[in-house]
Structures are given as structure tokens and as C-alpha cells.
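Q: This is what each chain is made of:
There are 2 protein chains.
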Amino acid sequence: MNSPTYAEAGVDVKKAESFVERLKRMSRRAGHDELWKGAGGYAAVYPTGKDQAIAVTTDGVGTKLLLANKLQRYDTIGIDLVAMCANDLICVGAKPTIFLDYFAIGVLEDNAADQIIKGIVDGCDQAGMILAGGETAEMPGLYQPGHFDLAGFALGNVSRSSLITGSGIAPGQTVIGVASSGIHSNGLSLARKVLPDTKECLESLLVPTHIYVQPVVQILNAIGSKIKGIAHITGGGWRNLFRLNETVGFAITNPLPIPPILQQIGKSVAAEEMYKTFNMGMGLSVIVNGTADYVIKVFQDAGFQAQVIGEVTDEAEKLRIGKVDGVKSITLGNS
Amino acid sequence: MNSPTYAEAGVDVKKAESFVERLKRMSRRAGHDELWKGAGGYAAVYPTGKDQAIAVTTDGVGTKLLLANKLQRYDTIGIDLVAMCANDLICVGAKPTIFLDYFAIGVLEDNAADQIIKGIVDGCDQAGMILAGGETAEMPGLYQPGHFDLAGFALGNVSRSSLITGSGIAPGQTVIGVASSGIHSNGLSLARKVLPDTKECLESLLVPTHIYVQPVVQILNAIGSKIKGIAHITGGGWRNLFRLNETVGFAITNPLPIPPILQQIGKSVAAEEMYKTFNMGMGLSVIVNGTADYVIKVFQDAGFQAQVIGEVTDEAEKLRIGKVDGVKSITLGNS
Numbered sequence: 110m111n112s113p114t115y116a117e118a119g120v121d122v123k124k125a126e127s128f129v130e131r132l133k134r135m136s137r138r139a140g141h142d143e144l145w146k147g148a149g150g151y152a153a154v155y156p157t158g159k160d161q162a163i164a165v166t167t168d169g170v171g172t173k174l175l176l177a178n179k180l181q182r183y184d185t186i187g188i189d190l191v192a193m194c195a196n197d198l199i200c201v202g203a204k205p206t207i208f209l210d211y212f213a214i215g216v217l218e219d220n221a222a223d224q225i226i227k228g229i230v231d232g233c234d235q236a237g238m239i240l241a242g243g244e245t246a247e248m249p250g251l252y253q254p255g256h257f258d259l260a261g262f263a264l265g266n267v268s269r270s271s272l273i274t275g276s277g278i279a280p281g282q283t284v285i286g287v288a289s290s291g292i293h294s295n296g297l298s299l300a301r302k303v304l305p306d307t308k309e310c311l312e313s314l315l316v317p318t319h320i321y322v323q324p325v326v327q328i329l330n331a332i333g334s335k336i337k338g339i340a341h342i343t344g345g346g347w348r349n350l351f352r353l354n355e356t357v358g359f360a361i362t363n364p365l366p367i368p369p370i371l372q373q374i375g376k377s378v379a380a381e382e383m384y385k386t387f388n389m390g391m392g393l394s395v396i397v398n399g400t401a402d403y404v405i406k407v408f409q410d411a412g413f414q415a416q417v418i419g420e421v422t423d424e425a426e427k428l429r430i431g432k433v434d435g436v437k438s439i440t441l442g443n444s
Numbered sequence: 110m111n112s113p114t115y116a117e118a119g120v121d122v123k124k125a126e127s128f129v130e131r132l133k134r135m136s137r138r139a140g141h142d143e144l145w146k147g148a149g150g151y152a153a154v155y156p157t158g159k160d161q162a163i164a165v166t167t168d169g170v171g172t173k174l175l176l177a178n179k180l181q182r183y184d185t186i187g188i189d190l191v192a193m194c195a196n197d198l199i200c201v202g203a204k205p206t207i208f209l210d211y212f213a214i215g216v217l218e219d220n221a222a223d224q225i226i227k228g229i230v231d232g233c234d235q236a237g238m239i240l241a242g243g244e245t246a247e248m249p250g251l252y253q254p255g256h257f258d259l260a261g262f263a264l265g266n267v268s269r270s271s272l273i274t275g276s277g278i279a280p281g282q283t284v285i286g287v288a289s290s291g292i293h294s295n296g297l298s299l300a301r302k303v304l305p306d307t308k309e310c311l312e313s314l315l316v317p318t319h320i321y322v323q324p325v326v327q328i329l330n331a332i333g334s335k336i337k338g339i340a341h342i343t344g345g346g347w348r349n350l351f352r353l354n355e356t357v358g359f360a361i362t363n364p365l366p367i368p369p370i371l372q373q374i375g376k377s378v379a380a381e382e383m384y385k386t387f388n389m390g391m392g393l394s395v396i397v398n399g400t401a402d403y404v405i406k407v408f409q410d411a412g413f414q415a416q417v418i419g420e421v422t423d424e425a426e427k428l429r430i431g432k433v434d435g436v437k438s439i440t441l442g443n444s
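Keeping their order, the protein sequence lines are chains Z and U.
FYI, in my numbering the residues of the first sequence are 110 to 444.
FYI, in my numbering the residues of the second sequence are 110 to 444.
Among the hints, erroneous ones may be present.
Treat identical chains as interchangeable: a pair holds within one or across any two.
Claimed, not checked - Computed list of lysine-lysine pairs in BS3-like fashion (alpha-carbon distance at most 27 Å, straight line): (1) K406 / K123; (2) K146 / K159; (3) K427 / K146; (4) K308 / K427; (5) K146 / K227; (6) K179 / K406; (7) K133 / K227; (8) K227 / K124; (9) K159 / K302; (10) K227 / K123; (11) K335 / K123.
What the hints contain is simulated information worked out from the structure, not anything from laboratory work.
Chain Z on its own, in the form it takes in the complex (with noise of 0.2 Å):
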């Protein structure tokens, strides 16, 4: 079967993974041993006192910037930036706070800087956070005219009885699927690959990542001892759900719809490379121990289609999906 993959569209996840385990080992000090750990890795916890720390986070928005460029489209941009680090920090169980942006371009066009910043600022009022700092570089012979690169960072607030380190995810507990808006910022570079250069596409792949930090704080709030880990769905796919945990496995039986421009893509690519690169319609996941209907309700209310899509299992590491359109069933290792 000729079926494109992520990495034959220019994207090396194995090769990313082994540099990821050398920097780590490089950069590996003693001062790694006094941060909290946080579940997945998804923030760096860095305690500021007994009970209460500071969780950080950064991240880019990957090729999903070549778009915006392409359909100078600019102002939705910066709420991907927002998304993909805000919607990490509550997976830790932080409420965000300060967002800093680094803003790259070769020549610094107004137009399209104001609407970029625009979008951050959007994004930040979506995440609630403060826009406190950043940095603008104009590096003419870096990037090519109109190109431009972004990175967010971002600060949240947790305490040590809040913190979510997915230890407490055990065989049973409610798998809750939460909706994506469409392919939000992982993948763009296979999504180009493989569908028509035309506009509708573009602009579908453009949607910006949904954020789901109000309806999380809210859940937090209300019955956080109830919440055992929160995947936020990014590269990796729904391999992002063994970050978690590496004792349980996941069956999921009750999946999301996948949005049309997933379907799309899955018309070219092979199940599993669709589930290990894309978020299949599931921004973000959280497990439950016990009822989830407040849950699911706290969702709806914030206007995102939540629902139990599985339960967790204790067949470490493997995910079953099961009942996918067209396809029987599908079963991802973590590997």
C-alpha cells in the first residue's frame, strides 16, 4: 500500500525523538531532581514555595504558519500559538497566567504583524492569560519574504495538591474525548502532502486549535481530586495518551466524529499513521474516576462536544480503537 507518512513529508518523528533523549541526557543537572514532575511532560514544574509552583511551557506552531502566509490570512494564527501552549499547561493541572511571544520576520510588514499580534492577543484573552512580554526580531536573510516564525511561552499557577502526575490512572477509570476544531497544529506538513492546493482546503487546515482552558480551570475547581490526567492531543497523535501513564492501556469504543478534513487526509494515509500523527477529531482527552457527566456538561456549556469515547485498561501501553468509520479496529503501541 502506497501510503504517505509523516516522515516522508519531510518530518523525522523517530530521528526528533532520539535528539529529544540526547538533550536530555546533555542538559541533565541536579536541579532537575527539585521540579515537581507533571503528567506527560507537557510543563516544567518549578516550585516557589512548599505548596505552590510555577508550570512553563513552550511551543511553536509548526508548518501551520506556511498557510497563513500562503492565504495572508493572519489574524487566527496566534490563537494556534495560545492553544498548543496553554492547553498544555492544564495538563498538569495549572491555571495560565503570562504568555511571552518570540516573533520572527525578515522584514517587518505592519499590516500583517498587527494581525498576527491580534491573534495572540485573542488567544490569550481565550486562555486568560496576560500578554506580559515578548520579543519582535527582524532578521532579514533568515526568512524569506512574508515568512515568519512564532514561538509562546507560557506560565501557569499549581499547587502541589493540584498538580496532575497521572500516577492515579488505573484500569476502569472513564476515558472523556473532547472535540478538536479541525487539524489544530500538529501534522500540517503530511496534510499539505497529501491534499489539493485549493483554497477550501487551505482554509479548513487554517481553523485555529480550540482552547480549552476555561471549562478545565472550571473542572479543576469544582472536582479536581476526580481528574486523573489530561492529554492535550499534539504530534504524536493519540500516542500523546501513553504519555500519561505507562502502567494502563486505553479501549476506546466511542470515538469523536473526524472532522471532514481528517476524512479527507485519511483517504491517502493508513489508519494508524492518521491516528499516530493527527488528533482524529479529539483536541483533548481527560480521565475521569467516576461519573463524567459533569464533566461532559461543564464542556457543552463551554461549546466543545465532549463525551465518554472509552475507559482506561491494564494492558500497558496499548491503545485500542475500535468501531472507526471504515475501518474494524485499530491497535497503537507506543512506539
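Given chain Z's structure and the hints, the job is docking chain U onto it.
A: Here is chain U on its own, set in the frame of chain Z:
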């Protein structure tokens, strides 16, 4: 006189400053009032308690990246990255703790990537920080082969009593200069425009930025209440001194030696433009109330040349520089 300016090198500082002003207006939110005001806006200062705060900042290394790429010498650019962030943190009196990197590249090339990270880790060791996280983004299509970008994000601890606001700067106080290692990480586009493209020049420009954290932390711990201002001399050159306090000026009568590479650039660029763009031999300036002897000794013991270079005056936002090599005197205003 045909003297190239930074603007002619493709970097329009005025345009960038007007963009940053619009950005500040757009992003203004009530939450900003809760931040503490650190001197010069070198870092955002977010309170984590009544007497404690986290200072945060982000920066990049500008087109120094292109030099590393041209020389295929990747092991020091990470030091520059950490320096640009860590030296900003100490200007508000913060002790650097945590660093995160954003590393974007077209295609991940193992050796270069490892060298870049090694530099970041070296920089963190010098600054007493740990590399607690980061993002590595492979973006085929955005970056040309071999090109990459780096952004850094740094956190530090600061207490209410150790926060440097600049408000205590007053006429008659002593201005200390601490030597730079060379061009540091600002003004590279202009430097490249006027210098010959020889290996010798390029290597001089690539010398990594000094990291002043260790002596500054020692000084702040010992005589913090005497230190009224610290200016990291970055983009904008000596105009960075104006960031500290709007009501004073500076008379610099005994400047540090100008590094050879900056002298060479000075043959093609007018003196005023030089002082508005480059560090001119001074990577950091410290304003002390009282005797400078201890401060100078600590810098010298840490291996940095340091001396009294002048004093604070009552001429608001005016900088008089006397006895400069080959130039009788220069006066800079904050514009």
C-alpha cells in the same frame, strides 16, 4: 558623509519601536496592573506571593545565527541565547533559575543540533540555570537547508525588597562599565554589511556573549541595596541606559576600551550610530550609590574587566560621552 545605518542594513528600529507600541496598546489588560515594575522592562515580573515574584523574559540571538551557519560552528550560539535572556533577568534583580529553548530548523541534522544544545547547556551552567524544557520544531519549507532559529525563555526569582526598579537612580551616583566579549548578539546585520566577509572577521563576530549572572548575583546578595540600576547593553546600544530612569542622564568620561571588531566597524559607521547600535565594549552597566570598589572587585574576580566609567547627571535622557578614541565627544538623546 556616507555612513551606513542599522536601518540601511535592513533593520528599521523606528518601525519596530512603533510596532511594539501598538502591540502594548493591543495587549493591555487589567492583569498587567498586578505585575511588578522592574527596571527598563527587561523582564516581566509576576508576583507569586506578597513578597516573592518570578521574573520572565524571552529573547533570540538575531542574525548571529547566520554566522554560526556560515562558519558551521554551532557550539557557542546557544551561549549567546542564554546570555541574552539571563543578562536581562539580572537587570531587575532576579536570580535566574529555569531556561526553556525553542529550536526551529528545516531538517534536523544531528551534529549541528547536538552542538547547538551543548551551547545552550554551557550557557545555562554559566548562568546557574537548568534547561527544564523546550520545543524542537522541524519545519521543512520554512527554513532553508542548514538554517535554523532559536528563541530562549528564562525565569528567575526576585523578592519585593530585591527588585530593581531604577527609581532610586539619582545624579552623582557612580556608573560602572563591565566589558563585553565583542559584538555580543546585537547589530550583526549592520556589522556584516560593512565588514569584509573574511573568516577572521566572521570568527570575531561569533565570539559568544558574556554571561554576567554569577558576579551580579554575588553583588546583589552582598550589597543589593546599593545597586540602583543594571543595564544589559543590547539592541539600541548605550541608549539602553535610558531605559532605567527617565529623569536622569549620564556623563561617561572613562569608557572601556572598544573591542577591535567594533573599532573596525567604526571605520565605516558614524560614531553616534555606533553607540546607538553596538555595546561599544560595555556589555553591562551597573549604577551604584556609593563606592564602586567592591562591585569592580567582584566582576574582576569573575574574570570580567570592570571600571568606573562615569556618573549619573541631572540632564534627563542625555548621554554625554567624552574622550572616545578619535572622537572628541558624543551626545546621545533617547530618540
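Q: If a hint holds in the structure, say so; if it does not, say that too.
A: Checked hints:
no.	hint	verdict
1	K406 / K123	neither (38 Å within a copy, 50 Å between copies)
2	K146 / K159	both (15 Å within a copy, 26 Å between copies)
3	K427 / K146	within (23 Å within a copy, 50 Å between copies)
4	K308 / K427	neither (38 Å within a copy, 54 Å between copies)
5	K146 / K227	between (34 Å within a copy, 24 Å between copies)
6	K179 / K406	neither (38 Å within a copy, 56 Å between copies)
7	K133 / K227	between (35 Å within a copy, 11 Å between copies)
8	K227 / K124	between (35 Å within a copy, 18 Å between copies)
9	K159 / K302	neither (50 Å within a copy, 53 Å between copies)
10	K227 / K123	between (36 Å within a copy, 21 Å between copies)
11	K335 / K123	neither (35 Å within a copy, 53 Å between copies)
Violation of the numbered hints given earlier is confined to hints 1, 4, 6, 9 and 11; the remaining hints are satisfied by the structure.
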